[in-house]
Structures are given as C-alpha cells and as structure tokens.
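Protein chains in written order, with the numbering used here: chain S, 1 to 270; chain F, 1001 to 1406.
Simulated from the structure, these hints should not be mistaken for lab results. In this text the structure is predicted, and so the values were computed from the model without any measurement. Treat each hint with caution, since some may be false.
The list that follows gives simulated cross-link-like pairs (lysine to aspartate or glutamate, EDC-like), each with its CA atoms no further than 20 Å apart [unchecked claim]:
1) S:97 / F:1103
2) S:187 / S:168
3) F:1217 / F:1243
4) F:1124 / F:1151
5) S:187 / F:1151
6) F:1405 / F:1273
7) F:1297 / F:1318
8) F:1227 / F:1080
9) S:184 / F:1151
Computed Cβ-Cβ distance ranges for the label pairs, DEER-style [stated by the list, open to error]:
10) F:1178 / S:217: 48 to 58 Å
11) F:1361 / S:187: 58 to 68 Å
12) F:1215 / S:29: 54 to 64 Å
A virtual CB, placed ideally from N, CA and C, is assigned to each residue, including glycine.
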Amino acid sequence: MAEPRSIDIKEQPGFRSIAVICLLVLYVPVLILMIFSLNSGSLVTHWEGVTLGWYGSALRNEEFHNAARNTLIISISATIISTVCATLAAIGMTRVKPWRGLAAAFMVINLPLMVPEIITAVATLSFFALIAGTFGLNFGIGNLILAHTVFCIPFAYMPIRARLEDMDLTLEYAAADLYATPWKAFKRITLPLLVPGIMSGAALAFIVSFDDFTITQLVAGPGQTTLPLYIWNQIRRPMTPEINAISTILLLVSILFVSVSFLIARRRAK
Amino acid sequence: MGIALKKRVAAPQLPSRPAYGDNQTGTHLPPRAGSLNGVIVPEQPGKNAIEVRGVRKVFGTGENQVAALDTVSVSIRENEFFTLLGPSGCGKTTLLRLIAGFDFPSAGEIMLHGQDIAPLPPFKRPVNTVFQSYALFPHMTVAQNIGFGLEMLGKPKGEIEARVAQMLKLVKMEALKARRTSQISGGQQQRVALARALAPQPKVLLLDEPLSALDYKLRKEMQIELKRLQHETGITFIFVTHDQEEALTMSDRIAVMSAGKILQVGTPRDIYDRPAERFVADFIGETNFLAGTVVSKKPGVATVKFDSNATVAAGYPEGFDPTGEVTLVVRPEHADLVPDPAKGTIAGTLSNIVYFGTDTHYHVRLDGGENFIVRHQNSRSSPVTYETGAEVGIQFEEGAARVLKD
Ligand SMILES: Nc1ncnc2c1ncn2[C@@H]1O[C@H](COP(=O)(O)OP(=O)(O)OP(=O)(O)O)[C@@H](O)[C@H]1O
Ligand SMILES: [Mg+2]
Chain S
1 MAEPRSIDIK EQPGFRSIAV ICLLVLYVPV LILMIFSLNS GSLVTHWEGV
51 TLGWYGSALR NEEFHNAARN TLIISISATI ISTVCATLAA IGMTRVKPWR
101 GLAAAFMVIN LPLMVPEIIT AVATLSFFAL IAGTFGLNFG IGNLILAHTV
151 FCIPFAYMPI RARLEDMDLT LEYAAADLYA TPWKAFKRIT LPLLVPGIMS
201 GAALAFIVSF DDFTITQLVA GPGQTTLPLY IWNQIRRPMT PEINAISTIL
251 LLVSILFVSV SFLIARRRAK
Chain F
1001 MGIALKKRVA APQLPSRPAY GDNQTGTHLP PRAGSLNGVI VPEQPGKNAI
1051 EVRGVRKVFG TGENQVAALD TVSVSIRENE FFTLLGPSGC GKTTLLRLIA
1101 GFDFPSAGEI MLHGQDIAPL PPFKRPVNTV FQSYALFPHM TVAQNIGFGL
1151 EMLGKPKGEI EARVAQMLKL VKMEALKARR TSQISGGQQQ RVALARALAP
1201 QPKVLLLDEP LSALDYKLRK EMQIELKRLQ HETGITFIFV THDQEEALTM
1251 SDRIAVMSAG KILQVGTPRD IYDRPAERFV ADFIGETNFL AGTVVSKKPG
1301 VATVKFDSNA TVAAGYPEGF DPTGEVTLVV RPEHADLVPD PAKGTIAGTL
1351 SNIVYFGTDT HYHVRLDGGE NFIVRHQNSR SSPVTYETGA EVGIQFEEGA
1401 ARVLKD
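Looking at chain F on its own, in the form it has when it is part of the complex (with noise of 0.2 Å):
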C-alpha cells in the first residue's frame, strides 16, 4: 500500500473535467459547440452515460449462425466504473465493438448520453478503445500512437505534446517514448495502449481486458491507478475482464454475462452475496449449492426444506417466485461447524481439512451425499478442533442462504 500511496503522489493531474466543448482549449470552437471536428457532444448530459436497448447480435447465417448478444440491454452511468465479467466467448468483445461502432446490431438501439449513436460512424463517437489486442500501430512511435488521437482531432501541436508527456508520465513509458510499438514488451504495449485510448479525454472508455498482460505485481498498481484516473477524470469506464477477483475489487457495478446473455447487473457485493442464479454464483467466488423444497413463503423469504426435514429461510431474487424443488446456494464462509450435529441446521462427516494460513476449509460429506465446504477464519483463540472423520453440524448465519432462479 505503500508504494501505491507514493505513487499516486507523483502521479500527473488529469483536468477533472474532460475537454469536449471545453471553450478554453479550442479557439476555434463555436460557443456552444455540439461537436468538435464532427465529434458529437452531448448538450445536456443525461444521467445515463450508456443504455443498451434490447441488443441483439447474431452473426453468420443459416445453420451456422450465432447469436453473439442475445437481447441485452443494460444502462450504464455517468462516472461509473462499469464491468462486463464472463467466460470467453460469452459476448464481451462484440458488446463493445457495438458500443465503439465497428459493427452494428442485429436488432435493438444503443443510446449515448440519451442520444441514438446508430447513424455515428467510429470516428464520431467520443468512445476510445483499449484493444484485447492492443493494436498499436506498429510503424509508429510509443509517444506518435499516443498521439494519434489528438492529431486527429486537429489539435494544435504544443497541445498533443504536452498531453503525450502527461500521458507516458501515467503509465510509466517516458523512457521508451521514441520506441517503435514492436520493440516493447506486451505489458509495456498494453500501457501504450490504454495511454492513447485515455489521450483524447473520451466521454466513455472502453477496456477490453486491459490489464490481462501484466504481471501480478503491475497488475495491482494498473488496478489503483485506473480506478484513480476514472475518480479524477469522471470518464465512464466500461471494463471488461474474467477476471472475479478484478471485477470484485474495482467495479461501481458488474454485468455477469454468459452465453450472449447478461444475467445479473449489481453492485460487487449484490452479485457476491445475492447471485439470482446458478451461473453468478458458480462464476464469482466458491459457493455451495444445496438441493430443497419451498413449503412456504413470506415476502423476499421462503422457508425451505431439506431431504433431513430441516428447514431454513432464505432469501430470493426480486421478481421470482420460487416453488417446489430449488436450488439454494450457500457461500463457505457465511456457514460454521457446530461440533454437535443436532445443533446444525445440516449434519455431516467431515472428509478433509485444509489449512490455508489465513483461514481453513472444512470440505463434509452431507448425510444426503453432497459436499459441502465451509470456510472458518483462523485466529489465535479458535475453540475446537477437528478431526477428518467427526460427525458434524453445519450453521448457517443469518440470511446466508438463498434460493437460486434455476
């Protein structure tokens, strides 16, 4: 944490405003200019930064067609630090390319800042890309592809220069600015990267999996800083990753996607501690999927019982209606062993014990054949111990249980 203060010190100031319609910085600029250079500018910003309607993307045709997007819509917020999380091939990449424009959608509308960006052409947009692939041009300097964008806006030449240094300062490449983009490692080009994507001042960024290339430790820093520069600058960041723990630790909010689908938008800790379904809950995190039926129900809780009879409440996703057979989904730490099996609201033989340092995972055996793990903290004063072999019951803590939509 240290060196991550320090750095953040030292680290250059971005105007917290971006510059689109900035009068000062454009003389040339009508007063009240609705774009720049054909760049559309919002006049009056709504509170929605994105609003995916009812996006469809299908690609190929006949038999061998795919629905990449399968009716997706989501807002996304001014400010936010918004996060696209799933597996490969679940949609990612091709919802972004929507949103920069490189490909349009089989069906359904995009709206940026309210405004429908169908008939914008890429290089209308006020959206920069960082690449999966980084695509930087290879027959130009680091410092000419951070530039590149403002060249192209037409800004004046005093003006990209200073913004370049500003920029290499940021993601630590001074010392490599006259490189051609093939002589630089791939962490190295992945910093160029989001460096030029960030140069422009877009009202929204797009990251497609921008940190992937790093190493654990520039990872970390990569991680604060950008969350930093997304504080400071106000730009909208759309963040793609499969990575959990990244998209845990650095989203406002998270979109869990799977299969073309978007199944669950929440803040890290609804999608953590409150999955709607199956897939959310297997994604992110280690959980505990345990098989019951519904006997009653009050609102937001139903009362379900398990093959022992034992019951326990548990929460549900709002707009769901569960009944009969469900699927209920514990997370290991939000469970304890009880040495008494009576006491718990399950019982079964502890199979394995492994010690991690900071905690333990006590992998039992239920008496209706599934596994169950539950994850104790260590500390100094841990009461009992015990012994692969033990009966034992497992408590859950309050609200710990929920029933799963599937």
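The shape of chain S in the complex, shown without the other chains (with noise of 0.2 Å):
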C-alpha cells in the first residue's frame, strides 16, 4: 500500500475527458429514452410535459403482458438449467483428472461465445426445421428455452470455473481428511464456497437470455413474442412514449436482477 504507483492512470493527460465522453455517450441516450417515458405528449422526439399515463397503459397492455410471461418462462428456465449445466461442466473439467478430449470439450462449450449469432440463429432455426419437418416435434416454447440455453452455457460456465480454480484444492483435501466423503465435501465446502460463482454466472445467463434478439426473432413461433420482439415490432409502427416506459421497466427489472445477485455474490465472499 505504502509503495508509490509509478503511473497512476488518472494522472494521464487526457483520461478525464475521455472518460467523461465515454460516459456520456452510454449513458445519456439511456437518460433520455427514460426521461421521455414521462413525456404527457404522443410523440418521443417532442417534448410536452410529465405524466405516468405510459406506465399506466403499458402495464394494462394484454399484448405486453403475454410478452413478459413469454420472456420471464424462457429466462428462468434458461438461466436454471444452463447454470446447472455450466456447474457440472465447471467440476467436471476442474476436479477430475485430466481426461482425453478435456480442451475439445472446453471449446465446445464456448463455441457459442465465438460463432456470430445470426449464424446460430439460422443454424438453430434449421436445426427445429427439420425435426419437425422430419419427425413432426415441436416443443413450443421448449424450443426457444432450448436455444437460449445453449447460448447461455457460456456466459454461465465463465465465473464458475474461475471460482473454482481460484478456490483452495487444499479445502477439499482438508475435508477429505476430516472423514468426509466426496459427496459430502462437495455439500458441505465446495458448494459453498462455489456459491457467489454459481449467482454470477447465472445472472449473466439471465440477462443474456433476457434481452436476446436474433435468435429469439427466427427462433419464435406464434404467440411466443418476448419482450425484445415485442419492442422491434412496436417499434416499426408509430411510436409513443408507451415503448419507452417498457423500455424503462424492463432496464430497471435488469438492474435489479444485476444489483440482487451481485450483492448475494458479495455477502458469501465474505
């Protein structure tokens, strides 16, 4: 602590600015679609004055309401099941001794990180094409579930393993040593202390699959519109304010969801 930083990057000519703009140009359109969702006139470029009429009409709007309960079945059992997928993944490829096929494995599970979405998109939509051209299968919105979860594998599988190779072999061999067994060290120290890894991850699970677009626009069937279709489509017609009060709610369901988890993560750290 005591030790001088020979360069401290605030000290940097110029970092200030560049931060400052940096700030702005993410955040100030996002201030401001907020701000309009209080505007009392029908147009989001003009301004007129503030009511909360638009959140009004936005939560009694039958066709939103179908699309949150769409998002939110998808998200939760994306996010569930690809977070127990990446777990497993994680103590497999971390707590077994080397296997053959151990780095194919690794890449296959962040295949989806690399390939271009749209790619997975057209693959996946193909992919259902075909068993139910061939095999007459449609799960419904089992299909869209499907897909987000391999996509949410990934960004689920990330922050576990880093927390499981962070963590202290020697806890485990402790434990072993204290006559537990391997299923019961697992319960009682691995899991544990793997918890803040298993919220982060599945926090990010969640919020990808949350605001997922492409694969969800050629994925979805009838009736399954999300919250993201649910934007574009209203998009494309004569906007009001309404769309940014949506907008403004569905932001604020991620923070939420973010800050919540993050704070989880940080109270087991400890």
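Fit chain to chain and form the complex, with the hints in mind.
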C-alpha cells in the first residue's frame, strides 16, 4: 500500500475527458429514453409535460403482459438449466483427473461465444425446422428455452469455473482428511464456496437470455413474442412514449436483478 | 518455565487412549469393530505406527520429471514424536501427503499399523493433518471448523460440543469460537488448525510446520503443549519443520531429509553428536570440517592424519568403510584452545574472538588455511585470556572428531 504507484492512470493527460465522453455516449441516450417515458405528449421526440400515464397504459397492455410472461418463462428456465449444466461442466473440468478431450470439451462449451449470433440463429432455426419436418416434433416454447439454454451455458460457465480455479484445493483435502466422503466434501465445502460464482453465472445467463433478440426472432413461433421482439415490433409503427415506459421497466428489472445477485455474491464471498 | 508449568496444570486433560474402537463412546458400534464409519481401526496394533517402504514420488513427465521423494524408507514407532527435518523443497510435505492419502506413491508402499493403506481413500485413514497453509474452512466459524471431523464421523451432537469446548480451551481460542476463520490472525488460524486435527483423536497426527506462524513466546508455549499432548494422548506425531532447534528440543527421533532422500534417522543426540553425512552435520548446528587421510582403523574407530602430520582417533558411521581422503567433523563446543600450539591436536592463528555472553567463539585460521571455530563456555574463572593474532593449539575432546560418509 505504501509504495507509490509509478503510473496513476488518473493523472494521464486526457484521461478525464475521454472517460467523461465515454460515459456520456453510453448513458445519455438511455437517460433520454427514460425521461421521455414521462412525456405527456404522444411523440418520443417532442417534450410536452410530465405524466405517468404511459406506464399505466403499458401495464394494462395485454400484449405487453404476454411478452413479459414469455420472456420470464424462457429466461428463468434457460437460466436454471444452463447454470446447472455449467456448474456440472465446470466441476467435471477442474475437479477430475485430466481426461482425453478435455480441451475439446472446453472449446465446445465456449463455442457459442465465438460463432456469430446470426449464424447460430439460422442454424438453430434450420435444426428445429428439420426435426419438425422429419419427426413432426415441435416443443413450442420449449424450442426457445432450448436455444437460449445453449447460448447461456458459456456465460454461466465462465464465472463458475473461475471461482473453482481460485478455490484452494487444500480445503477439499482437509475435508477428506477429516473423514468427509467426496459427496459430503462437495456439499459442505466446495458448493458453499462456489455459490458466489454460481450466482454471478446465473445473473449473466439471465441477462443474456432476457434481452436476446437475434436467435429469438428467428426461432420464435406465433404467440412466442418476448419483450425484445415486442419492442422491435412496436418501433416499426408510429412510436409513442409507451415504448419508452416499457423499455424503462425492462431496464429497471435488469438492474434490480444484477444488483441483487451482486449483493448476494458479495455477502457470500466474505 | 513457571508460566509453562502453570499452563500445564490448567490445560484440559485428554483421555489417554484414542477413541477409535472405544466401545463406551459409540453404542452403535459392533463389539470388536474393525471400523468406525468406514474408518479402519487396526485389530492388533503392531509396533510400528507407520512404515514407509521404498517410496518414490515423481512429479511431471519426460524432461520436467522431478523425484520429490527418491526411494524413502523409514519406520515410525507408535507413540513417537517423529520429526522430518530438512530445507525447503526436500519433500517433507510430499511424504505427509502420501501418508494422508492425497497423492499416491509412484513406487513403494506405506503401512499403517502393519496394514497397507494404498487402497484406503484419505477419508478412511485414521490420520489427521495440520496443513502448512492451515486450510481452514472460510465459511465456517472456529467452532464449526474444529467440530467438522467429529461431525463427519457421525458423533452425537453433545459429544461434539464437549470435545470442541475442550479443544478450544486447549488452544486458548474460547473467546473467538464464533468468529469466521477469515477474521482471525495467522497464529490463531494455526491454533485452530491444530485443534481441528486433534479433535477426532487420530492414530497418527501429521503436522506440517504447525508453529511457523507463531511469535517466539507462543511458539515456545505451543512446543511444550504439543509435547505434553503427544505424551498424554499417545498419538503418534509426524512433525515437519525446517527449524533445527525445534527438531532437537521436541523430537524422540529425527529424520534429516535433503533433495527427496532421508539421509539419517536417529535421536536428536545421534543426529547432533554423530552426523553421518556432511549435509546433516552442516544443517544442524555449527560445525567444523577438516580434511584428513585414514592411516589405520579398528572396528568403529579410524586414525586420521592431517597435513600437519598430527593424527586423531575418529569414530565413523556404522556400515561405512572409511579409506583414503576423508572429511572429519568437529563441533565447536567439543574442542578447546590451548596456549601452546605444540600441545594441540592442530594449530593455527586466532583471527577473531566473538563474545556471546554465555560463551565465546574463537575463530582460528589453521596452518593448512582452513577456518576452525572453537566455542568456549564462559565462566568466572576462565584461566587464560587470548589475544587476536596469537598462535594457539586446538585440542579435541575424546570422541569429538567423526568421519563423515562424504
Ligand atoms: N504437485 C507438484 N507438481 C510438481 N512438483 C511438485 C509438486 N509438489 C511438490 N513438487 C516438488 O517436489 C519437491 C518437494 O516438495 P515439498 O512440497 O514436499 O517440499 P517441502 O519439503 O515440504 O518444502 P517446504 O519446506 O518449502 O514446505 C519440490 O521440489 C517441489 O517443487
Ligand atoms: Mg512443505
């Protein structure tokens, strides 16, 4: 602590102005969007006065309800399934003897991060079309859950694996030394210490699924409109500040979710 | 000493027999159980608690291969305070890990009470470890950490609580029992690690430098505590340290290790007075080395001639045949100065005198060019005083000189 840092980034010329510009570019549009959700006029570009009316009409909007319900069903299912898969995968890839194909498995798990999303989307669409055509199988909203689960796995996997790799292996030896069977050692030592990693993995997976557009747009069948799709459909018509209200609600839900999981993770890490 | 004695009286008494297979404690036990919750208990304990036979441990493959243990064989007796002493990286932790079962020997076998423990996973070995890095569970309190082993053994709640209380008292951690282990100091963590390993009353306790983080006073106190505990519980201690003084004061026997090998096993006296190899002599205490040539030998004693033509009778290690050029070892306190160079076994010039209060070190530059240190215990009536630059003789005590193997 006492030793002086040779380079303090904050002292570098231009650092402050660049930082301020970045923050402005990032947040001013969002801020404007939020402000116009309170606009009493019916245009999203012309300010007239303050009202909460658009929130009222959004919350009474049947289509919005359906989209929100679909989104939650898909996101929550995909989050749970992908987090469980990612946890098992992370344990299987850090806590067992190195096995053949370990590197390949790692690649496969992380592939969705590297493949352009539109390609995954087209591939997924053709895949579901194929099994629907060949076997007459259609899982309804299950199709979307499956597709989301797959691309959520790498996002859930990374923080969990990082946490497992950081964890002191000696703790697991100590548990075994104190007569804990492998299962007990996992339940009493590894899992509790892994919770922060699992929480952040789940939070990431949820956010990624919650606002996915490309894959959902291609895979979604009739009546499977999610919130991002709903917003997309709305902005192709004459826009009213109701869309701003809906976007703001979405944003607040995301922020709330991330904050809660962050707080939990920090509590457990202590 | 006064403090230490008082603490000995105040310390809780542990039953003098380990609880494994003790029929009074576990009503659900079959009468002559061979196992308690899968933990194997020897029916007829042999004389040796642990026997390590020709154990090798190789890490890495091909070019990067390192033999952390190179064909180590050693027997550790029951109820023994056995110390592994050696410099960093010599394989002490590796040997403990093999005994605890966290790793497997590349070759050789390890017997626990005459039984090969290779098939037993670590959670079935009646062996507990105090880890070098403590390895306390960070999400549990001090008390939960200490009770963990008993809990895993399926002991009744009341028994666990009683034992945890006893252990807390033993390591003087009662006040902090509800703390998370991440919220206590390094020395306190070490004490909790010790209590946690002792709580299940193992047959053999493996201690990997358990006192290294303690300050001098606490360290001395814990040394006495550990000795007393070992004596009272009858638990075999395998104690790792790289502190030679700690090894000498605490151990029944010491194994000196270097680069994956055990060089010598013996009582502290054996190791100190009769080191077999240069490394052992050098690692433990201060030592003088002298070159000489064997001119004749009788069983156990060789006559060695120096360049100055003086000769000395020197013992040599068992099973070793000294011939030709050899190295002799002489401890500084086993030699004394004489004012007349002609009266000494060897002679030289006093180059430096260092006064330490209890004793004085005389640095002598020998006529052959080597340095030799003589340690003289100070007393009120030291008859002669020496001056730097004086010509002096050095006289060896009877049996002071020993021939080394290398
Ligand atoms: N998992 C491992 N992989 C490769 N090499 C290892 C491994 N564990 C130990 N070694 C090597 O084996 C040798 C012995 O290590 P060990 O930990 O037993 O030393 P030590 O005597 O306990 O030392 P210290 O006093 O520093 O704790 C060292 O050279 C070390 O680098
Ligand atoms: Mg070590």
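Discussion item. Going through the numbered hints above, which ones does this structure break? Give me the numbers in ascending order.
Written reply: none
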